[in-house]
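Asker: This is what each chain is made of:
Number of protein chains: 4
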Amino acid sequence: MSSHSAPESVEFRSDMTVELVKSAASDSDVVWAARVSTKGEASLDDVDSDAERARGLINYLMRDRHGTPFEHTSITYFVSAPIFVFREFMRHRIASYNEESGRYRELRPVFYRPDPQRHLVQQGKPGAYEFVAGTAEQYDTTHAQITEACQAAAAAYHNMLAAGVAREVARVVLPVATYSSMYVTMNARALMNFLSLRTKREDSHFPSYPQREIEMVAEQMETLWAELMPITYAAFNSNGRVSP
Amino acid sequence: MSSHSAPESVEFRSDMTVELVKSAASDSDVVWAARVSTKGEASLDDVDSDAERARGLINYLMRDRHGTPFEHTSITYFVSAPIFVFREFMRHRIASYNEESGRYRELRPVFYRPDPQRHLVQQGKPGAYEFVAGTAEQYDTTHAQITEACQAAAAAYHNMLAAGVAREVARVVLPVATYSSMYVTMNARALMNFLSLRTKREDSHFPSYPQREIEMVAEQMETLWAELMPITYAAFNSNGRVSP
Amino acid sequence: MSSHSAPESVEFRSDMTVELVKSAASDSDVVWAARVSTKGEASLDDVDSDAERARGLINYLMRDRHGTPFEHTSITYFVSAPIFVFREFMRHRIASYNEESGRYRELRPVFYRPDPQRHLVQQGKPGAYEFVAGTAEQYDTTHAQITEACQAAAAAYHNMLAAGVAREVARVVLPVATYSSMYVTMNARALMNFLSLRTKREDSHFPSYPQREIEMVAEQMETLWAELMPITYAAFNSNGRVSP
Amino acid sequence: MSSHSAPESVEFRSDMTVELVKSAASDSDVVWAARVSTKGEASLDDVDSDAERARGLINYLMRDRHGTPFEHTSITYFVSAPIFVFREFMRHRIASYNEESGRYRELRPVFYRPDPQRHLVQQGKPGAYEFVAGTAEQYDTTHAQITEACQAAAAAYHNMLAAGVAREVARVVLPVATYSSMYVTMNARALMNFLSLRTKREDSHFPSYPQREIEMVAEQMETLWAELMPITYAAFNSNGRVSP
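Residue numbers (the working numbering), protein chains in the order written: chain X, 82 to 325; chain B, 82 to 325; chain Z, 82 to 325; chain D, 82 to 325.
In short, the hints are calculated from the structure, not lab data.
Wrong hints could be hidden among the right ones.
Pairs involving identical chains hold if they fit within one copy or between any two copies, as the list cannot separate such chains.
[Stated by the list, open to error] Within a straight-line C-alpha distance of at most 25 Å, the following computed SDA-like cross-link-like pairs (lysine to any residue) qualify:
no., residue 1, residue 2
1, LYS281, SER182
2, LYS206, LEU305
3, LYS281, LEU138
4, LYS120, GLU229
5, LYS206, THR228
Since we're looking at a predicted model, the values are computed, not measured.
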């Protein structure tokens, strides 16, 4: 049992990792998918075409919520984030997920601890909360309490593993701040739905109040996607970030 | 801030709660749904009919994997279980979920701690693990470590809330052993898929290796469902518990 | 082979049949599903409660597009409509379907022929068509051509069956005007999505341009649903008929 | 109205068109998706790796029905086939579809008429039909009746359009033998489910009885997919063609 990580190796992070693993997604995919309705087989000519000339079509589809032409796309991300972020993420059912398993591997003691920029104090009423910075004392308390609790959890996890207890039992003490890893694959329509709900923007037609940590993931996903489908992305923004 | 629960109120449980909230699910639903293919409108006569005489039909549908007639049913459960169980549960995408929120309410410090019947030691290789009981010493270690880590987590959570830190930040220290509550609604086909994967039975055509804690939830769901659709349930079992 | 229907039995209809087969759907279902997020287990008290006092909550969920609490409901309709309507209907993937089969039964020669109220002439450009009545001559042409073509199709179908040709081959001559029967089960969230796309209303936030015949089905579905969940229905309308 | 196709242009086909439009699907995708459970972030090393060495892993996933690692793939086909084939196709809900529209364009009068190889006579009982060739006379009747009925339908369609009647009304006379075009995008797991149900093979663990015409489409989809993911394809076949 000597191979188990010693509790002193506990690590804290306050950032999220998002990498683009693979994609089959371009603005021209939207064009042929839409044009099959009016052109039939001739829409095959639009495969790999220059979508720039179809900017108006893409904007029309977005505005009038014709969503299906955006589905013939596929984007796969690798995400490393705390479990509480994954819990929210996986409520999105139109996506494919594979995640690191606490049953099949020993989890590394890496935990989320907010950095000083994270607003700590909630104001307002349910459904329309706002967050403000909080005092230095509040930040210090948060920093200290999270540090201490995560170290205690890591130690308990280590001790159970060292005693020969199964990983799936020992892991129950690990906090939702524990980082995990996953792959997620979505099409562009499902991604726009995700972004509309998991980012907070002034220019959104419908308001959203995401927790800041999942928004940090969503922002990186958005940046990577915007490069793949710039015309679709522009239409998404100019139409109030409503998923079509 | 004096309203926050004091850390001494920490509670430990080793059981799972499953209640049937509502249902619209009977064996006769399978009958009319199947018979529309051969009888059209006349299948309306089978609504609320005695399904006993259609036992052969239901068995045939199950055996040859005609799954759609099992979908015109709806079963809603209330489930109280630890977060690590909900994490596995919500990977099932053909279902509707609403769960208690750590953002919108203060979570109660109730934690899962296995009882002495829970086998603690894993043997064998990945994909085909077996669990054995473990020694009394291993049980004591597990009991002590989980108790201590959860109490530390509850105290840290309490201290952050008492300092005015937002619930959604403070909750990051809570372990995946923390109990949560949810409603889940599924149709009988999705439920059979869930049961086939989340229970371990000798008579299963395809092997499954669920974690014991989600199996404890699945077993209760199964018992409640078996009373609603006894003929379908019998056909599910006699055909190797393969979801149609 | 003498049992095959003679072609003279051809029947024409211009209406759609929608019947409510079963349901498990009430406004109070939305209430407990939503309240579990803030009340946890105590939300069980809201099961079968008077939803009238939760009118504000339901309106808030609809307005801010919190859709999941509307999913713990189930509504099953029997629908009899032409194949071209079912073709559009079954593009809605969040639903369960079972339909009469042209492989497993001889289809009855019942066909759709528009009544004089059906506007026959399309004006405007793609994406924003309008329909106007058309002349008496246009109506007569439509009536005559549909009558003749459907009778010819019914005769060909009959002749092939009489010659011993399999139903699944013979049916290829049947027009998309042929009536079929199906059961469809949806939850209230999916139903609102369906209604928002398949009805055309002045008070819709997003425009829709459904074909009149599927709208005739949708209108009957809407009327039946409105009685089951009147508070949800009112909130759907007062919030621009946007599916939450 | 002179632009409408004259009825003499009626065309008959007995084949199906399937083209691979785009794909993001390889055996190595299955490998990293599966390995994240045991290796976490280190599974990124398996992206674009040689899947040959993971043949055993892929076979294990298939055999024990671990389906999610097969989902991080995307395959888009263009399909041209009769409406009655598309009707069956679109019952598969885990896929994205865009199809030629009878509302937005004038449909071309191209119809399906079986070639002499198509078995015309059904024997046996529901659920386990077999087809046998039929006599020359039966083939002649089928050929003649389909030809005549489709020509009559094309003429009626033409006459209504020529009279200024809207396409969406005129098209109701078109038979389900009419060819249409669509794009369909699926992941490999959904594709295997489709293939298991829409092909009839001796080596299938579960029996299927697809209509021959959709099987003709499925066979072409299978051939194209087998080249993209040969190891997965081999595992699918050697494990009874059960969708994992």
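Asker: State for each hint whether it applies.
Answerer: Results for each hint:
Taking CA atoms no more than 25 Å apart as the test, LYS281 paired with SER182 passes between copies only; the shortest distance there is 19 Å, against 31 Å inside one copy. For the homomeric pair LYS206 and LEU305, neither the shortest alpha-carbon distance inside one copy (34 Å) nor that between copies (36 Å) is at most 25 Å. Proximity of LYS281 to LEU138 under the C-alpha cut-off of 25 Å is restricted to the inter-copy arrangement: shortest distance 22 Å between copies versus 27 Å within a copy. For the homomeric pair LYS120 and GLU229, neither the shortest alpha-carbon distance inside one copy (64 Å) nor that between copies (27 Å) is at most 25 Å.
Proximity of LYS206 and THR228 under a CA criterion of 25 Å is satisfied in neither setting, with 29 Å inside one chain copy and 35 Å between copies.
The structure fails hints 2, 4, 5 (numbered hints given earlier, in ascending order).
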